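Participant: So the chains spell out like this:
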Amino acid sequence: MHEVLLFASVPAHQHYELLQQLAGLTAMQPRHCLERRLIFKAYRKPGLMAGRTGASQDIQSGDLQRLNKMLNGSMYYTQVVGPVTEKDFGAAIDSDMHMDGTDEKPEAYRYDYEHQPWRLEFRDIPEAGTRSAVTSRQMSSSSLPSGDVMPVMSAWGYNFVNEHVVEGDLFVHNEIVIFLQRVLQYPTDQEPSQPRQQMPPLKDMMPLEKSGSYVLQASITVQDGSNQETMKLASQHLFGLREQLKSVIRLEQADRLSLDTRAK
Amino acid sequence: MSKPTQEQIKILEQSRQRLVQLTRSLGSLISSLHSSDPLPPWSSLQSQASIISNNLLSVSEQLSEQRDLFTSLVAYPSPEYPGRTQAPTLEQLLRTKLDPRVEDWVARGRAAGSDNGPSQSTIPSPSRLVEAESADHKLSEAELAQLWEWAPLEANQEARRRNWGGNYTLEEREMGIENVVTGLKRQLEDDLGSDEESEEEDEDDGKEEMDIVGVHRKSVGGGLEFDIAVRHPHPVKPFVPLDDILKYMTTGRLQ
Chain A
13 MHEVLLFASV PAHQHYELLQ QLAGLTAMQP RHCLERRLIF KAYRKPGLMA
63 GRTGASQDIQ SGDLQRLNKM LNGSMYYTQV VGPVTEKDFG AAIDSDMHMD
113 GTDEKPEAYR YDYEHQPWRL EFRDIPEAGT RSAVTSRQMS SSSLPSGDVM
163 PVMSAWGYNF VNEHVVEGDL FVHNEIVIFL QRVLQYPTDQ EPSQPRQQMP
213 PLKDMMPLEK SGSYVLQASI TVQDGSNQET MKLASQHLFG LREQLKSVIR
263 LEQADRLSLD TRAK
Chain B
1266 MSKPTQEQIK ILEQSRQRLV QLTRSLGSLI SSLHSSDPLP PWSSLQSQAS
1316 IISNNLLSVS EQLSEQRDLF TSLVAYPSPE YPGRTQAPTL EQLLRTKLDP
1366 RVEDWVARGR AAGSDNGPSQ STIPSPSRLV EAESADHKLS EAELAQLWEW
1416 APLEANQEAR RRNWGGNYTL EEREMGIENV VTGLKRQLED DLGSDEESEE
1466 EDEDDGKEEM DIVGVHRKSV GGGLEFDIAV RHPHPVKPFV PLDDILKYMT
1516 TGRLQ
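These protein sequence lines are chains A and B, in that order.
Residue numbers for the first sequence follow the numbering used here, so the first one is 13 and each next one is one higher.
Residue numbers for the second sequence follow the numbering used here, so the first one is 1266 and each next one is one higher.
No wet-lab data here; the hints were simulated from the structure.
Remember, it's a predicted structure, so these values are computed and weren't measured experimentally.
Built from N, CA and C at the ideal position, the CB exists for glycine as well.
Check the hints yourself; a few may be wrong.
Unchecked claim - Pairs of lysine to any residue residues, derived as SDA-like cross-links and limited to a Cα-Cα distance of at most 25 Å, are as follows: (1) A:Lys222 / B:Val1505; (2) A:Lys53 / A:Met13; (3) A:Lys276 / B:Asp1509; (4) A:Lys222 / A:Arg43; (5) A:Lys215 / B:Pro1506; (6) A:Lys215 / B:Val1505; (7) A:Lys276 / B:Val1505; (8) B:Lys1502 / A:His176; (9) B:Lys1502 / A:Tyr198; (10) B:Lys1502 / A:Gln256; (11) B:Lys1502 / A:Arg194; (12) B:Lys1502 / A:Val260; (13) A:Lys53 / B:Pro1506; (14) B:Lys1403 / B:Ala1416; (15) A:Lys215 / B:Pro1503; (16) A:Lys222 / B:Asp1508; (17) A:Lys222 / B:Arg1518; (18) B:Lys1502 / A:Gln229; (19) A:Lys258 / B:Asp1302; (20) B:Lys1502 / A:Glu29; (21) B:Lys1502 / A:Pro199; (22) A:Lys222 / B:Leu1507; (23) A:Lys99 / A:Leu46.
What the hints assert, rightly or not - Derived DEER-like restraints, expressed as beta-carbon distance ranges: (24) A:Lys258 / B:Thr1288: 39 to 45 Å; (25) A:Arg262 / B:Ser1296: 34 to 40 Å; (26) A:Phe251 / B:Thr1350: 53 to 59 Å; (27) A:His44 / B:Ser1293: 57 to 63 Å; (28) B:Leu1519 / A:Tyr55: 18 to 24 Å; (29) B:Leu1519 / A:Ile137: 16 to 22 Å; (30) A:Ile137 / B:Trp1307: 56 to 62 Å; (31) A:Ser259 / B:Ala1424: 39 to 45 Å; (32) A:Lys258 / B:Gln1311: 31 to 37 Å; (33) A:Asp236 / B:Ser1293: 54 to 60 Å.
This is chain A alone, in the form it adopts within the complex (with noise of 0.2 Å):
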């Protein structure tokens, strides 16, 4: 599958004014997204795809460099994504309620780790040297089981880097999807080697951009990206709906190497 993209940032002061303008444009009211985003790195798998070295022979060097460049060469940054609500946050944790083996609170709201529902998101780099002024690339999202992901992660090659928390309202404009999304980040200043359990109270979570302002982010999700008609239809709804909020904000291309998912 292909997307098409577009962004604009929003600072603060408009976004609320965005928020209604968006409502009235689309005839819906926001839909409110909180989504817990990790971001695992691919890593080679040290001695996996080492050449053998001094007896091989000539005729495998080619298919071998092939097979190396290959397999080393798309190792990629992805993303695993779980919806989360806003009672999740600074919930307590299922197990260790269930280590204390007191029940005196049994209605309070826990956050389930062992039943988060997950998602992979792989997002290709935005294709180059396309004429077209919207961000292009190639896309798949599949569900993950539930839980931790952890185990089944690292058994792909996939190292944990970090993680943070998409906060946005969701639109949707016919076939355009608009998110109005800002990154937050988790307070503590240390990078944790595994997906938190537990997470800290909402107001706790410190925007990335300290002015507050706002992402929006248009996209039009293409299942035949070969198809250049497609594609280029679904541009120019892009365009469209850039045209109908030209006066509000500037919706463009972004910049390609922002969005390089390519692992180095």
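Use these hints to put chain B onto chain A, whose structure you have.
Facilitator: This is chain B only, laid out in the frame that chain A set:
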């Protein structure tokens, strides 16, 4: 009846040129009034009006200079005239009375002219007053009394259009005085200061109003952005560029 001489034809041709110019400038004024929305700025209307009045002046000069010729000229069709195909033009040329519509216009113009005459002479306008003084001619007792009767009413009417005193104009107050960019370091109070000060500030305010009007005119094209800028007196620009945010969302690091 003799044929018109070369000289006379030239004069006719000149009058025709001037009339063509007059109709053209009238036409352009009408079309600009009809087609442009909003109305064209007053400066362009005024320049068009002055062009028209110049044209009128030159036409009337021509008519009065060549009055003898024009009154003596008689139009008649020569045998070569294509009477069948150009009958309306022929009728137009041969008619001795004015078109009823034109007759109306002329009558209205005459009436306006004769109305204006006496009324101008009864009310002494300031310009006439100046003229009279420069001509060293004393106004009569009655004229002076009339002037005194007229002046206070007129001045009062003019004054009523403005809100006197205070640091802000009505317009600015309606917009909210906190939005007014005074360009002054000190804070202006929204009440009456001492006479001298308020006078000074009235001038200032005048300038400010001009500024704001200017911005409004410019913003006709740019619209909403300007409105936002007004509603948020202290907009905060994002510190982190969009690219860095996207980078963080992609790789988990701000590099």
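Participant: Does each hint fit the structure? Answer for all of them.
Facilitator: Hints, verified against the model:
For the suggested pair Lys222 (chain A) and Val1505 (chain B), the alpha carbons sit about 8 Å apart, so the restraint of at most 25 Å is met. At roughly 21 Å between alpha-carbon atoms, Lys53 (chain A) and Met13 (chain A) fall within 25 Å of each other, so this suggested pair holds. Pair hint Lys276 (chain A) plus Asp1509 (chain B) holds up; C-alpha atoms about 18 Å apart against a cutoff of 25 Å. Taken as a hint, the Lys222 (chain A) and Arg43 (chain A) pair is honoured in the structure, with Cα atoms around 24 Å apart against an allowance of 25 Å.
Only pairs whose Cα atoms come within 25 Å are accepted, and Lys215 (chain A) paired with Pro1506 (chain B) is accepted, the gap being roughly 24 Å. At most 25 Å may separate the alpha-carbon atoms for a hinted pair to count; Lys215 (chain A) and Val1505 (chain B) meet this at roughly 21 Å. For the suggested pair Lys276 (chain A) and Val1505 (chain B), the alpha carbons sit about 24 Å apart, so the restraint of at most 25 Å is met. At most 25 Å may separate the alpha-carbon atoms for a hinted pair to count; Lys1502 (chain B) and His176 (chain A) meet this at roughly 23 Å.
Note on Lys1502 (chain B) and Tyr198 (chain A): the hinted pairing holds, with a Cα-Cα distance of about 23 Å set against a maximum of 25 Å. Pair hint Lys1502 (chain B) plus Gln256 (chain A) holds up; C-alpha atoms about 23 Å apart against a cutoff of 25 Å. A distance of roughly 15 Å separates the Cα atoms of Lys1502 (chain B) and Arg194 (chain A); the hinted pair therefore holds under the 25 Å criterion. Among the hinted pairs, Lys1502 (chain B) with Val260 (chain A) is consistent with the structure: their alpha-carbon atoms are about 15 Å apart, no more than 25 Å.
Simply put, Lys53 (chain A) and Pro1506 (chain B) have alpha-carbon atoms about 24 Å apart, close enough for the 25 Å limit, and the pair holds. Straight-line distance between C-alpha atoms of Lys1403 (chain B) and Ala1416 (chain B) comes to about 18 Å, which keeps the hinted pair within the 25 Å bound. With a C-alpha separation of about 20 Å, the suggested pair Lys215 (chain A) and Pro1503 (chain B) falls inside the 25 Å cut-off, and the hint holds. Between Lys222 (chain A) and Asp1508 (chain B), the direct Cα distance comes to roughly 15 Å. Compliance with the 25 Å bound is thereby established for this hinted pair.
Restraint check for Lys222 (chain A) and Arg1518 (chain B): satisfied, since their Cα atoms lie roughly 16 Å apart, inside the 25 Å limit. With a CA separation close to 18 Å, the supplied pair Lys1502 (chain B) and Gln229 (chain A) stays within the 25 Å bound. Among the hinted pairs, Lys258 (chain A) with Asp1302 (chain B) is consistent with the structure: their alpha-carbon atoms are about 23 Å apart, no more than 25 Å. Under the criterion of a C-alpha separation no larger than 25 Å, the hint pairing Lys1502 (chain B) with Glu29 (chain A) is consistent with the structure, at around 16 Å.
Only pairs whose Cα atoms come within 25 Å are accepted, and Lys1502 (chain B) paired with Pro199 (chain A) is accepted, the gap being roughly 23 Å. Simply put, Lys222 (chain A) and Leu1507 (chain B) have alpha-carbon atoms about 13 Å apart, close enough for the 25 Å limit, and the pair holds. Restraint check: the Cα-Cα separation between Lys99 (chain A) and Leu46 (chain A) comes to about 11 Å, which is no more than 25 Å; the hinted pair holds. Range check, Lys258 (chain A) to Thr1288 (chain B): about 43 Å between beta-carbon atoms, so the 39 to 45 Å window is met.
At roughly 38 Å, the beta-carbon separation of Arg262 (chain A) and Ser1296 (chain B) lies within the given 34 to 40 Å, and the hint holds. The beta-carbon spacing between Phe251 (chain A) and Thr1350 (chain B), approximately 57 Å, falls within the hinted interval of 53 to 59 Å. For the pair His44 (chain A) and Ser1293 (chain B), the supplied restraint of 57 to 63 Å holds, since their beta-carbon distance comes to about 59 Å. Distance hint check for Leu1519 (chain B) and Tyr55 (chain A): the Cβ-Cβ separation is about 21 Å, which falls inside the suggested range of 18 to 24 Å.
Between Leu1519 (chain B) and Ile137 (chain A), the C-beta spacing of about 19 Å keeps the proposed range 16 to 22 Å intact. A hinted range of 56 to 62 Å for the beta carbons of Ile137 (chain A) and Trp1307 (chain B) is consistent with their spacing of about 58 Å. Checked against the hint of 39 to 45 Å, the C-beta distance between Ser259 (chain A) and Ala1424 (chain B) comes to roughly 41 Å, which is consistent with it. In this structure, Lys258 (chain A) and Gln1311 (chain B) meet the distance hint of 31 to 37 Å, their C-beta atoms being roughly 36 Å apart.
About 57 Å separates the C-beta atoms of Asp236 (chain A) and Ser1293 (chain B), a value consistent with the hinted range of 54 to 60 Å.
Of the numbered hints given earlier, the model fails none.
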